[in-house]
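Trainee: Okay, here's what each chain looks like letter by letter:
Protein chains: 2
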Amino acid sequence: MSISYNPIGLIYSPFKSKEGVPIQPKGAKNIKGKIVLKEEFTAGLDDLQGFSHIILIYHFHKSSGYELKTTPFLDDKKHGVFATRAPKRPNAIGLSVVRINSIEKNIIYIENVDIINETPLLDIKPYIPDFDVHITDKNGWVANKIDNLKNTKSDNRFD
Amino acid sequence: MSISYNPIGLIYSPFKSKEGVPIQPKGAKNIKGKIVLKEEFTAGLDDLQGFSHIILIYHFHKSSGYELKTTPFLDDKKHGVFATRAPKRPNAIGLSVVRINSIEKNIIYIENVDIINETPLLDIKPYIPDFDVHITDKNGWVANKIDNLKNTKSDNRFD
Chain R
400 MSISYNPIGL IYSPFKSKEG VPIQPKGAKN IKGKIVLKEE FTAGLDDLQG FSHIILIYHF
460 HKSSGYELKT TPFLDDKKHG VFATRAPKRP NAIGLSVVRI NSIEKNIIYI ENVDIINETP
520 LLDIKPYIPD FDVHITDKNG WVANKIDNLK NTKSDNRFD
Chain Z
400 MSISYNPIGL IYSPFKSKEG VPIQPKGAKN IKGKIVLKEE FTAGLDDLQG FSHIILIYHF
460 HKSSGYELKT TPFLDDKKHG VFATRAPKRP NAIGLSVVRI NSIEKNIIYI ENVDIINETP
520 LLDIKPYIPD FDVHITDKNG WVANKIDNLK NTKSDNRFD
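Residue numbers (the working numbering), protein chains in the order written: chain R, 400 to 558; chain Z, 400 to 558.
Please note that the accuracy of each hint is not assured.
[As the list claims (entries may be wrong)] Once the Cα atoms are required to be at most 25 Å apart in a straight line, the calculated BS3-like pairs of lysine-lysine come out as:
hint, chain 1, residue 1, chain 2, residue 2
1, R, Lys476, R, Lys417
2, R, Lys476, Z, Lys433
3, Z, Lys415, R, Lys468
4, R, Lys468, Z, Lys437
Just so you know, the hints here were simulated from the structure itself, not pulled from any lab data.
Model the full structure from these sequences, guided by the hints.
Mentor: Take a look at the structure:
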């Protein structure tokens with residue numbers, strides 16, 4: 400069974416290639432970008448300006464193939480791909496939470512963008528702390544690597 | 400341009416139909432389910448047991464079609480579909496964060512499941528508070544509806 404989606408628009412950012420992209424929105428403070436939604440979907444943005452943050456679900460269009468054991472940007476050891484946020488995955492789906500600066504018709508101006516230019520966007524959802532903030536008691540291999548987050552940028556290891 | 404994904408497995412839960420499903424994991428405390436990953440992907444789960452929570456990205460297989468203005472379960476007013484978490488969306492992609500109880504080979508036993516039985520799973524990512532917790536300053540139309548969350552269940556409005 401195969402599931403097909405049509406992008407609802409494109410994400411634009413200053414990052415023209417895979418090198419040097421912040422690896423998460425929290426490493427991308429103040430990086431600005433925009434979403435250009437296909438005009439036919441503009442009415443779907445009504446009331447979105449009431450939220451400060453949105454969840455973007457998108458296709459890692461520069462990734463192809465995957466390995467089940469992979470070395471993520473934050474570590475030098477291999478982990479199961481589903482225990483990482485690496486872009487090369489069986490289904491190359493990316494997830495980022497960004498801040499909305501403004502919305503004009505079908506264009507959303509965003510901030511904290513850790514996404515490559517011209518990435519196909521699949522869905523937008525409002526980020527709602529009551530839904531989306533969870534208290535964890537185990538943070539796996541990431542727990543003692545997180546201090547590297549702000550200074551770690553992507554490289555070509557997933558080429 | 401169309402993007403195709405093959406499910407990596409199925410999500411099993413006590414919810415056999417769309418009626419009565421909790422509308423978010425936070426309304427689904429203690430509801431147990433399991434993920435049966437396709438065996439070929441089992442090695443991708445290595446080290447996932449170190450995390451207490453995972454993000455599931457899945458296909459709303461019981462949804463078809465969409466309206467750009469929709470009335471979500473938590474409200475009686477219409478909002479742009481991208482300002483809601485409604486299942487009927489241009490791309491019917493769902494997102495839930497669930498708790499891991501245990502992992503045995505290709506099976507992940509999970510808790511806080513707000514997902515219909517036999518939902519096709521597209522991706523698993525570790526939930527990492529340093530990546531995934533964001534401080535919002537605006538929570539849109541949801542802000543004064545959130546008290547309804549624990550008691551609101553889905554109904555057939557998206558049929």
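Trainee: Against each hint, give a clear statement of whether it holds in the structure.
Mentor: Right, here's what the structure says about each hint:
no.: 1; hint: Lys476/R with Lys417/R; result: holds (21 Å)
no.: 2; hint: Lys476/R with Lys433/Z; result: violated (28 Å)
no.: 3; hint: Lys415/Z with Lys468/R; result: violated (34 Å)
no.: 4; hint: Lys468/R with Lys437/Z; result: holds (16 Å)
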